[in-house]
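Participant: Sequence:
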Amino acid sequence: GRMMEAEEAHRLGMIHHLVPAAEVMSKSLAIARELASKPPVAMRLDKQRFYEITEPSFVDAIAAGRRIQGEAYATGEPARMMEEFFKKRGRTIGA
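So the sequence shown is numbered by my numbering: it starts at 14 and just counts up by one.
No wet-lab data here; the hints were simulated from the structure. Positions of the beta carbon are idealized from the N, C-alpha and C atoms, including for glycine. Incorrect hints may appear among the rest.
[Said to hold, decoys possible] Just the calculated beta-carbon pair ranges, DEER-fashion:
#1 32 with 86: 39 to 49 Å
#2 33 with 90: 19 to 29 Å
#3 51 with 17: 27 to 37 Å
#4 31 with 68: 46 to 56 Å
Work out the full structure, taking the sequences as your base and the hints as a guide.
Facilitator: Have a look at this one:
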């Protein structure tokens, strides 16, 4: 990844609101009040549904990570990239 300015993150839809520092608390409270005014059961169920469909279990996440890492290392690319990294710095792996 890379660092980006708030304006770019806003333009890309990564953040919903862009406000001056002095207005952060008032904007946050306004959003909180808006959310608090929604029907509580619907909000609770929406939140529960969101977590259930977006958060894999810890075991599933570890298994996916192991599988993906295995696929990456099976290609030899990570080893080549590490070798190239060290070579540019005048070193070799294991030295």
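Participant: Confirm or reject each hint.
Facilitator: Now for the hints, and whether the structure bears them out:
no.: 1; hint: 32 with 86: 39 to 49 Å; verdict: holds, 44 Å
no.: 2; hint: 33 with 90: 19 to 29 Å; verdict: violated, 45 Å
no.: 3; hint: 51 with 17: 27 to 37 Å; verdict: holds, 31 Å
no.: 4; hint: 31 with 68: 46 to 56 Å; verdict: violated, 27 Å
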